[in-house]
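Peer 1: Next come the chains, spelled out residue by residue.
Protein chains: 2
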Amino acid sequence: MQFTSEQHLDDGVIEREFTLGEIPGILWTPSSVSAPTPLILISPPPLGLRKMHPRLAGRARHYATKYGWAAATIELPGSGDRPRWAAAEQARADLRRAMEAGEPVTDEIIDALVLPLVEKSVPEWRTALDALLSLPEIGGPVAYEGGVISIGVRLAVVEPRIAVAGFYAGSFIPAAILEEARQVTVPLRVLLQWDDEGNDRQAALDLFDAFGSKEKSLHANLGGHAGVPRSEMEDGARFFARHLK
Amino acid sequence: MQFTSEQHLDDGVIEREFTLGEIPGILWTPSSVSAPTPLILISPPPLGLRKMHPRLAGRARHYATKYGWAAATIELPGSGDRPRWAAAEQARADLRRAMEAGEPVTDEIIDALVLPLVEKSVPEWRTALDALLSLPEIGGPVAYEGGVISIGVRLAVVEPRIAVAGFYAGSFIPAAILEEARQVTVPLRVLLQWDDEGNDRQAALDLFDAFGSKEKSLHANLGGHAGVPRSEMEDGARFFARHLK
Numbered sequence: 001m002q003f004t005s006e007q008h009l010d011d012g013v014i015e016r017e018f019t020l021g022e023i024p025g026i027l028w029t030p031s032s033v034s035a036p037t038p039l040i041l042i043s044p045p046p047l048g049l050r051k052m053h054p055r056l057a058g059r060a061r062h063y064a065t066k067y068g069w070a071a072a073t074i075e076l077p078g079s080g081d082r083p084r085w086a087a088a089e090q091a092r093a094d095l096r097r098a099m100e101a102g103e104p105v106t107d108e109i110i111d112a113l114v115l116p117l118v119e120k121s122v123p124e125w126r127t128a129l130d131a132l133l134s135l136p137e138i139g140g141p142v143a144y145e146g147g148v149i150s151i152g153v154r155l156a157v158v159e160p161r162i163a164v165a166g167f168y169a170g171s172f173i174p175a176a177i178l179e180e181a182r183q184v185t186v187p188l189r190v191l192l193q194w195d196d197e198g199n200d201r202q203a204a205l206d207l208f209d210a211f212g213s214k215e216k217s218l219h220a221n222l223g224g225h226a227g228v229p230r231s232e233m234e235d236g237a238r239f240f241a242r243h244l245k
Numbered sequence: 001m002q003f004t005s006e007q008h009l010d011d012g013v014i015e016r017e018f019t020l021g022e023i024p025g026i027l028w029t030p031s032s033v034s035a036p037t038p039l040i041l042i043s044p045p046p047l048g049l050r051k052m053h054p055r056l057a058g059r060a061r062h063y064a065t066k067y068g069w070a071a072a073t074i075e076l077p078g079s080g081d082r083p084r085w086a087a088a089e090q091a092r093a094d095l096r097r098a099m100e101a102g103e104p105v106t107d108e109i110i111d112a113l114v115l116p117l118v119e120k121s122v123p124e125w126r127t128a129l130d131a132l133l134s135l136p137e138i139g140g141p142v143a144y145e146g147g148v149i150s151i152g153v154r155l156a157v158v159e160p161r162i163a164v165a166g167f168y169a170g171s172f173i174p175a176a177i178l179e180e181a182r183q184v185t186v187p188l189r190v191l192l193q194w195d196d197e198g199n200d201r202q203a204a205l206d207l208f209d210a211f212g213s214k215e216k217s218l219h220a221n222l223g224g225h226a227g228v229p230r231s232e233m234e235d236g237a238r239f240f241a242r243h244l245k
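Here the protein sequences line up with chains S and X, keeping their order.
When the first sequence is numbered by UniProt numbering, its final residue is 245 and no position is left out of the sequence of numbers.
When the second sequence is numbered by UniProt numbering, its final residue is 245 and no position is left out of the sequence of numbers.
Okay, chain S solo, but in the shape it has when bound:
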């Protein structure tokens, strides 16, 4: 883990860019830390860290200033400046074609779109977690929130250091992930935009139903993909706070 830049922001938060091998990432920490802090992994949607920076930084700085937590994110495979791969480009083209033609998005398209992303990114998140937890100012416990919900499901199943998770049901869900969800046991909070254009509401409800967690809460709000109410950010932070002790 190599830090490549460091900025001291006016709210007392330190924002550091880093690379982890070829993966770029960003770490936000409160400037004054007396004990090792909990860590929030913020998994971005696959639009690239640069494009998502204002939103990611907004959340991270809220966590740091209000709760004293560290937060970090890494670029997803195939996003930002990271190399694309042919199968992913093909799957994206197939999805676009199906949606423009008003045809159903088949299981094949969903699997081809999401599963390779899960396969590639989950080990990267685990490597990032190793590196982040080796920093003296970060101690855990660890919360995960994100982005591509299938990545979060797999990570919550295979990574015992994830203590709590906040998911955003805003992307297609492969049948295999729906099955894996039964093995998720951490406390869970799921956001669903009721009128999300690019999302199948029933699939999201089925996924919520499938989660094995004893504590799970679904917050559905009226509106499209980008319309999550601001109040949900603060509510999500309070949910993490109850479990990051």
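The set of hints was computed from the structure by calculation and includes no laboratory data.
Copies of the same chain look alike in the list, so a pair counts if it fits in one copy or across any two.
Derived pair list, reagent style DSS-like, types lysine-lysine, alpha-carbon separation capped at 30 Å:
hint : residue 1 : residue 2
1    : 214       : 245
2    : 214       : 51
3    : 245       : 66
4    : 120       : 51
5    : 214       : 120
6    : 51        : 66
Nothing here was measured: the structure is a model prediction, and the numbers come from that model.
Start from chain S and add chain X according to the hints.
Peer 2: Structure of chain X alone, referenced to chain S:
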């Protein structure tokens, strides 16, 4: 409106029992009020005020001490010491029989059980609202939370003084109420217990979908009818606070 008792509680809240004609009710107000306060109408489930008192008082005192709001409730028709009527007893017996036999609860049973209760109680809530808003210490705006969700739907449609509502999707929903829900336009927060024994999950989701409100939020939590997490009470209060200005 006749006050029949007055208690000064140790948290500085005044609890007064009253009667409104033959309807008993309870009013909680903060003891020191500098300006007329907002009002929360808390509609109980049909178990009777006496049985529900601890839970209702807990919520009302939270609103009064933390937010300075007044809160009031009245006994539902056919609950507590209020006279039963034959058709309601019959509908309850039919429901019990169907559920014990593992048979589907038909639309006829649901209509017979819920619609007369809506017909009777909505005018009573409006009368109570007249009386409560005539008190000098209460000024509005008014929030409604409850209980039997169908009563809330009708009240939110016909009563323009309701500014915001919090519903609990924990009872059967007649088809006519599902239709009326399209006319509800106030900001709305709906609680759903995902594994509610006496509740049809899909009917609750259909109702949420039907609401005409531009701002609506569904909070579904794992667990049975009585298992609403404590955090939802505080979250509900914050939701009201955003709209009671």
